[in-house]
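Student: Protein chains in written order, with my numbering: chain D, 14 to 414; chain Z, 14 to 414; chain V, 14 to 414; chain H, 14 to 414.
No lab work stands behind these hints: they were computed from the structure. Model, not experiment: these values are computed from the prediction. Treat the hints with care, since some could be wrong.
Think about it this way: if two alpha-carbon atoms lie no more than 20 angstroms apart in a straight line, the pair counts; the simulated SDA-like pairs of lysine to any residue are [unchecked claim]:
1) Lys180(H) / Ser405(V)
2) Lys302(H) / Val394(D)
3) Lys114(H) / Asp16(H)
4) Lys364(D) / Arg378(D)
5) Lys56(D) / Ala79(D)
6) Lys180(V) / Lys114(H)
7) Lys244(H) / Val394(D)
8) Lys302(Z) / Arg259(Z)
9) Lys302(H) / Glu36(D)
Label pairs and their computed distance ranges (CB to CB) [unchecked claim]:
10) Gly304(D) / Lys372(Z): 36 to 42 angstroms
11) Arg176(D) / Gly393(H): 39 to 45 angstroms
12) Glu105(V) / Ala22(Z): 43 to 49 angstroms
13) Glu296(V) / Arg371(H): 49 to 55 angstroms
14) Gly393(H) / Ala408(Z): 39 to 45 angstroms
15) Asp160(V) / Pro377(H): 39 to 45 angstroms
For glycine and all other residues, C-beta sits at the position ideal for the given N, C-alpha and C.
Protein chains: 4
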Amino acid sequence: MTDHDVKNAGLAAEGRARIEWAELSMPVLRQVRERFAKEQPLKGIRLGACLHVTTETAVLMLTLKAGGAQVALCASNPLSTQDDTAAALVSEYEIPVFAIKGEDNATYYRHLEAVLGTRPQVTMDDGADLISQLHGEGNRSRDLVADVIGGTEETTTGVIRLRAMEKEGVLAFPVIAVNDADTKHLFDNRYGTGQSTIDGILRATNVLLAGRTVVVAGYGMCGRGVASRAKGMGAHVIVTEVEPMRALEAVMDGFPVMPMAAAAEAGDIFVTVTGNTSVLRQEHFARMKDGALLANSGHFNVEIDLEALGRVATSRRAGRLINLAAAEGHPAAVMDMSFANQALSAEFMVKRGRTLERKVYVVPREIDLEIARLKLASLGVRIDDLTSQQSSYLASWRHGT
Amino acid sequence: MTDHDVKNAGLAAEGRARIEWAELSMPVLRQVRERFAKEQPLKGIRLGACLHVTTETAVLMLTLKAGGAQVALCASNPLSTQDDTAAALVSEYEIPVFAIKGEDNATYYRHLEAVLGTRPQVTMDDGADLISQLHGEGNRSRDLVADVIGGTEETTTGVIRLRAMEKEGVLAFPVIAVNDADTKHLFDNRYGTGQSTIDGILRATNVLLAGRTVVVAGYGMCGRGVASRAKGMGAHVIVTEVEPMRALEAVMDGFPVMPMAAAAEAGDIFVTVTGNTSVLRQEHFARMKDGALLANSGHFNVEIDLEALGRVATSRRAGRLINLAAAEGHPAAVMDMSFANQALSAEFMVKRGRTLERKVYVVPREIDLEIARLKLASLGVRIDDLTSQQSSYLASWRHGT
Amino acid sequence: MTDHDVKNAGLAAEGRARIEWAELSMPVLRQVRERFAKEQPLKGIRLGACLHVTTETAVLMLTLKAGGAQVALCASNPLSTQDDTAAALVSEYEIPVFAIKGEDNATYYRHLEAVLGTRPQVTMDDGADLISQLHGEGNRSRDLVADVIGGTEETTTGVIRLRAMEKEGVLAFPVIAVNDADTKHLFDNRYGTGQSTIDGILRATNVLLAGRTVVVAGYGMCGRGVASRAKGMGAHVIVTEVEPMRALEAVMDGFPVMPMAAAAEAGDIFVTVTGNTSVLRQEHFARMKDGALLANSGHFNVEIDLEALGRVATSRRAGRLINLAAAEGHPAAVMDMSFANQALSAEFMVKRGRTLERKVYVVPREIDLEIARLKLASLGVRIDDLTSQQSSYLASWRHGT
Amino acid sequence: MTDHDVKNAGLAAEGRARIEWAELSMPVLRQVRERFAKEQPLKGIRLGACLHVTTETAVLMLTLKAGGAQVALCASNPLSTQDDTAAALVSEYEIPVFAIKGEDNATYYRHLEAVLGTRPQVTMDDGADLISQLHGEGNRSRDLVADVIGGTEETTTGVIRLRAMEKEGVLAFPVIAVNDADTKHLFDNRYGTGQSTIDGILRATNVLLAGRTVVVAGYGMCGRGVASRAKGMGAHVIVTEVEPMRALEAVMDGFPVMPMAAAAEAGDIFVTVTGNTSVLRQEHFARMKDGALLANSGHFNVEIDLEALGRVATSRRAGRLINLAAAEGHPAAVMDMSFANQALSAEFMVKRGRTLERKVYVVPREIDLEIARLKLASLGVRIDDLTSQQSSYLASWRHGT
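Can you make the complete structure from the sequences, with help from the hints?
Tutor: Below, the structure is given as structure tokens:
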């Protein structure tokens with residue numbers, strides 16, 4: 014049987030049913046898979062993936078396999094693994110998976126190593142843990158790196174880490190920042206995170222958002238998604254930022270902007286989506302109302318200073334922490350586009366990776382537009398074409414006032 | 014007296030009062046002017062500007078002059094000139110102006126030539142007419158071009174023309190695309206055009222927007238501004254696009270998207286903001302309801318096929334065309350940021366232009382952020398600073414899950 | 014010639030053209046007029062109207078006349094009269110009009126008397142001035158009152174006055190509160206005032222609303238219209254109220270609510286729509302930012318304490334007062350429904366008024382629904398009908414869980 | 014031990030913890046309870062309640078008991094009972110409860126009878142089942158009715174049934190329509206149903222709402238809540254109605270309105286909130302896209318013709334039905350106000366019920382305003398008071414223009 018470490022192979026049938034359900038909501042990836050099955054662009058390529066082990070990821074794995082790749086998968090977060098999905102990938106589809114929901118830190122790293130043990134030629138990351146591990150110390154990693162054509166990275170946070178590696182001159186192969194594709198970050202970050210954060214808050218607390226003050230820390234794509242949806246549910250939204258351009262946009266979009274020290278006193282619910290550390294910390298907890306709700310929707314569990322929160326928790330019994338990253342996945346419709354970017358970026362890396370430098374690359378525009386076209390088609394939306402007169406107008410500079 | 018061609022010098026006092034009123038709404042430019050007055054960064058530089066001759070432009074001219082420049086100004090649109098402002102610039106502030114509201118085409122070009130006759134070292138355009146004229150045929154232009162250090166361009170449309178010139182290899186000096194600064198296009202295009210288009214429609218028609226269907230052609234920054242504000246006034250908004258990514262964003266933002274042929278039948282009011290030609294044309298007019306209102310908010314008067322409209326007009330007496338570009342200017346608060354970009358870009362060009370290539374450049378990020386900071390300060394908005402822990406977190410890639 | 018007092022009969026042709034244009038936007042009233050012309054429900058009735066003398070009012074006057082009434086009209090506000098409309102009514106349509114834009118107080122009351130001099134059997138008010146005058150002291154008024162079958166009243170403010178009169182037992186005949194019809198107050202107050210207030214602010218100041226703080230005093234139908242539209246233009250909206258239910262709704266609708274003393278410090282623009290007096294007064298002016306804009310959208314010019322404002326004006330040159338009531342009329346599409354209510358209520362009063370008590374009555378529901386139906390039809394909107402199964406379900410209480 | 018029929022008394026501790034948590038979100042009811050405990054306004058009164066057996070209802074029961082009442086409770090919906098809450102009421106608080114989640118129809122009616130067996134003097138209904146049962150045939154019911162002072166009813170649907178009974182002359186005692194209190198229906202129906210419907214759809218399907226078309230059947234308070242929140246989440250919202258006034262409001266609020274036959278083709282998700290039967294039926298199912306989602310948020314399970322749906326289900330495997338009424342309860346913050354109305358209405362009925370007619374009554378305005386005041390206070394919101402000048406202005410009709 015396929016090499017693996019999953020919780021319970023007996024969950025495979027249930028997992029398969031859920032994977033098939035997810036496929037229904039992923040029309041873009043379905044079309045990519047059909048082409049991959051014919052063209053075999055990844056034939057014989059070893060691909061190591063470190064992603065949230067969910068039904069949508071399963072559909073991506075099946076797409077890559079249909080394209081000819083030998084795939085291995087571990088979890089990018091110890092808490093998000095769906096054990097039935099993992100079981101189905103192993104038993105029903107013969108894909109090696111190393112992921113158990115709730116695994117401890119040691120197991121987490123052992124699973125990363127298991128994937129690296131397949132000597133991947135293409136890496137696929139969600140948070141850059143696989144690549145970080147691959148760039149670790151010692152001879153082994155140098156040896157493994159030699160095989161790698163290139164990688165892809167899903168998240169903003171991962172891209173920040175990779176750019177830092179590039180700047181330090183230690184990045185050993187090219188990586189495509191899938192996150193920077195418009196069809197990824199505009200949709201996943203803004204619409205996906207916006208909705209799933211609201212969803213997570215409601216499931217965890219059933220609080221009535223109308224009339225309550227929601228403080229959104231960070232006004233990047235994720236932050237404006239959360240702010241927009243919270244406002245759409247009737248909340249009073251306050252934004253905090255450290256970057257003046259984003260702060261100004263938030264003001265112009267109708268949101269009061271203020272330092273967190275002031276927002277802490279006004280808020281009922283706090284959501285952090287900054288990609289940074291300790292955005293909510295001791296000095297803010299001290300100013301909050303009793304009963305305030307804190308939620309982190311950023312990638313890593315560092316945006317709220319949990320240690321400091323622990324210290325004040327004895328005197329504040331109503332304080333609650335919701336880690337949405339763990340609780341909630343994006344809708345399949347959003348992941349459809351993100352993962353179509355992953356699949357097409359992997360194909361691009363196999364075709365062109367050997368000609369690229371050891372840098373972080375954006376997703377080629379044509380991939381991005383192709384995904385947008387496939388998505389519109391799946392929604393039944395038609396748009397205009399440029400007339401030939403219009404094309405020539407845009408190309409010409411000789412037209413005056 | 015200063016060289017000039019304006020309608021009526023007797024309007025100067027009235028113009029001056031209005032310029033002083035505009036200054037009150039332009040706190041960013043005021044701060045730039047104060048520094049310019051001290052530092053004289055444009056000392057002795059001849060600067061030729063072709064911009065809408067309005068009170069806000071007048072404040073920009075005074076800023077440039079305060080910085081030491083010898084300024085000359087003509088109109089970038091024959092219909093938008095405020096004759097009292099032109100008079101005040103000449104009589105009260107001794108700035109040469111060549112602009113008369115409603116001037117004919119011949120006069121328009123004669124005025125362009127008058128500015129070129131001052132042998133500008135820096136050009137400042139709104140639609141690239143000055144640069145186009147300067148790149149015209151014959152020896153004279155070659156001679157003039159030799160003096161030019163570089164230029165700046167205000168609009169999307171102008172930048173499209175300049176990029177085409179760069180591509181054809183005919184652009185003779187570097188140009189900064191002011192339009193591409195975030196503090197310009199995010200604010201001017203989105204918030205400025207959004208509000209002023211609604212304002213223009215209401216002034217021209219007093220139609221109740223609530224419940225009516227507004228078709229917005231184009232979902233660039235201008236288009237999303239118009240769509241958002243029309244929706245905010247209770248309209249049913251439909252978007253048309255030719256670019257799949259923008260079309261998809263419009264769908265996800267809550268707007269139905271369809272080809273214009275279909276939208277033409279549904280719409281009560283049509284607004285074009287595409288930067289392209291003949292977006293509304295014969296085939297669309299034929300499908301529209303009787304009494305439909307057509308408005309162009311794009312830069313040039315080509316987005317609606319007026320000739321075709323004229324042909325059908327005999328049978329459709331209620332059809333009306335509103336040229337908003339002519340009727341309406343942006344709020345001073347928006348122009349404040351656009352023109353701060355112009356002033357700081359002119360300063361940058363004087364300092365660095367000789368080291369640049371013959372290309373279209375973006376506004377340096379630091380200029381953009383500085384303007385955002387000044388604007389936030391003028392609004393009384395304070396934001397957070399990164400803690401040193403946060404700065405080092407963002408810089409480091411060694412932090413794992 | 015028809016008895017009258019208008020500014021300039023020479024403006025009649027221009028007025029007629031504008032009245033005809035307004036008619037195009039009043040499809041509901043047009044249908045009412047067609048029926049009136051056939052059925053003559055007001056045949057021989059003397060009807061005295063005191064309304065804003067605008068093109069839309071003119072269409073109402075023509076409708077009443079078509080129904081057989083002998084109409085006379087004066088202005089309900091000395092500043093809103095359109096002199097060309099007044100001229101056209103007199104010269105082109107032979108309707109007695111007594112209204113001159115800017116007329117002084119003495120003239121205003123003389124004009125009220127001129128209409129009362131026609132011995133109206135039905136009164137039609139916008140602010141209850143005609144009825145108040147009619148209920149004044151002395152024998153003459155007692156005499157006139159005897160002829161009156163009943164009246165109609167357009168505004169909230171007028172209805173408040175009439176209800177006070179009813180309560181004091183001095184109201185001498187029945188009055189229909191047109192304002193309370195859903196097709197009037199839901200549409201006129203909410204959508205009409207909402208849009209026209211924004212419109213008025215933009216025309217008067219061209220201020221960019223996005224990012225500015227707008228304080229709306231009062232969260233009745235008018236207030237929620239203004240708040241919703243200001244928010245839709247990107248403003249930060251604060252609401253003040255004295256009534257707890259409305260205050261709570263505003264909070265739940267997403268608006269911060271606070272006392273005016275606090276709002277005065279935060280606001281850039283203030284709009285009063287309370288129907289009450291001195292909502293903005295000395296203690297508030299003292300707390301406002303320099304350059305704050307004040308606008309009254311309530312019916313009477315009492316919501317801002319102008320006397321106190323005058324006293325502080327010496328030290329605050331940027332303070333400006335915009336009286337929107339004077340500057341701006343509602344879109345014709347809104348007045349279409351309000352005035353259809355007026356016409357049908359006048360018809361109802363002629364038919365049934367003699368059986369009514371000396372009270373303020375609501376518009377009969379069937380009139381209201383009929384207007385809604387006509388309006389939907391004019392917009393091309395179709396709706397579902399109840400199936401017979403559904404009708405019987407609604408009528409029955411015997412269906413359990 | 015207290016008479017009861019619950020699933021598992023062993024769940025009591027868990028239920029108690031959850032009831033105490035709910036109490037934290039019900040500050041208005043807490044204040045009512047404190048007064049009741051002092052004043053004992055329900056001393057010795059037998060009160061029979063038929064409500065959703067949830068933690069919020071438990072807090073209401075404790076409030077009534079604190080006021081001196083002898084309370085008995087059964088479920089108003091067989092699927093919404095929280096078995097741990099039921100257990101806690103019985104074991105921890107000695108309140109008789111007859112409710113088991115998933116109970117069959119026979120048990121449901123047996124439980125109604127158990128409550129009626131306590132010979133209630135005040136009834137408290139959510140859907141009018143208790144009152145309907147009490148008005149059933151035979152001598153027994155006539156006997157029971159004699160004891161009843163009056164009742165209260167929570168829902169729109171129940172009030173429709175009671176008004177039909179009143180009209181038929183069969184209603185045997187006065188009933189207060191709690192649903193008609195502003196602090197109930199404005200908040201519960203609009204904000205509560207709006208949020209909980211979105212919440213229910215997301216939990217059941219995890220569909221991305223942005224960009225999808227949501228059809229809302231019914232534009233009453235519930236419908237406009239659902240429409241507003243769906244729009245706030247980025248959906249394209251279509252409204253269907255049978256009542257022209259509501260249809261017109263929906264149009265003016267920015268929503269396309271059309272017959273369901275047309276909406277059926279356009280929608281991805283359908284939500285029924287009409288209070289009527291068979292709003293979605295065979296003729297509509299036939300026009301829907303494959304994969305359409307259907308959700309009923311109305312009170313009774315009759316709005317979607319399930320029988321017809323079953324017939325077409327063989328050919329449409331992706332069709333899903335979400336019964337939100339069963340899946341989801343309102344946030345405690347909403348129920349706080351609804352149940353404060355219940356408690357204060359019960360008090361009013363005990364004090365005044367014997368003087369009332371056999372009719373459906375609205376909640377006295379003073380109760381409504383008091384609850385609004387308590388709620389604002391609990392949110393920390395302060396509002397303005399009328400000045401004495403303002404009070405006298407509102408009372409007087411003598412002020413002219």
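Student: Do the alpha carbons of Lys180(H) and Ser405(V) lie within 20 angstroms of each other, as the hint requires?
Tutor: It holds: about 14 angstroms lies between the C-alpha atoms, which stays within 20 angstroms.
Student: Does the Cβ distance between Glu296(V) and Arg371(H) fall inside 49 to 55 angstroms?
Tutor: 53 angstroms, holds
Student: Measure nothing beyond the straight line between the CA atoms of Lys180(V) and Lys114(H); if it is 20 angstroms or shorter, mark the hint as holding.
Tutor: 55 angstroms, violated
Student: Quick check on a hinted range of 39 to 45 angstroms for Gly393(H) and Ala408(Z), using CB atoms only.
Tutor: Cβ of Gly393(H) to Cβ of Ala408(Z): about 41 angstroms, so the range 39 to 45 angstroms holds.
Student: Between Arg176(D) and Gly393(H), is the Cβ distance one that fits in 39 to 45 angstroms?
Tutor: At roughly 44 angstroms between Cβ atoms, Gly393(H) and Arg176(D) fall inside 39 to 45 angstroms, so the hint holds.
Student: Would you say the C-beta atoms of Gly304(D) and Lys372(Z) sit inside 36 to 42 angstroms of each other?
Tutor: 57 angstroms, violated
Student: Is it true that the C-beta distance of Asp160(V) to Pro377(H) lies inside 39 to 45 angstroms, as the hint says?
Tutor: 41 angstroms, holds
Student: Within a Cα-Cα threshold of 20 angstroms, do Lys302(H) and Val394(D) meet the stated pairing?
Tutor: Given pair Lys302(H), Val394(D) holds - Cα atoms ~14 angstroms apart, limit 20 angstroms.
Student: Check whether the Cα positions of Lys244(H) and Val394(D) lie no farther apart than 20 angstroms.
Tutor: 19 angstroms, holds
Student: Hint check: Lys364(D) vs Arg378(D), CA-CA at most 20 angstroms. Holds or violated?
Tutor: 16 angstroms, holds
Student: Would the hint linking Lys56(D) and Ala79(D) be met if the CA-CA limit is 20 angstroms?
Tutor: At roughly 9 angstroms apart (the allowed maximum being 20 angstroms), Ala79(D) and Lys56(D) satisfy the hint.
Student: Are Lys302(H) and Glu36(D) close enough, with their CA atoms no more than 20 angstroms apart?
Tutor: Between Lys302(H) and Glu36(D) the Cα gap is close to 17 angstroms, so the pair holds against 20 angstroms.
In summary, the structure is inconsistent with hints 6, 8 and 10 from the numbered list given earlier, while agreeing with the others.
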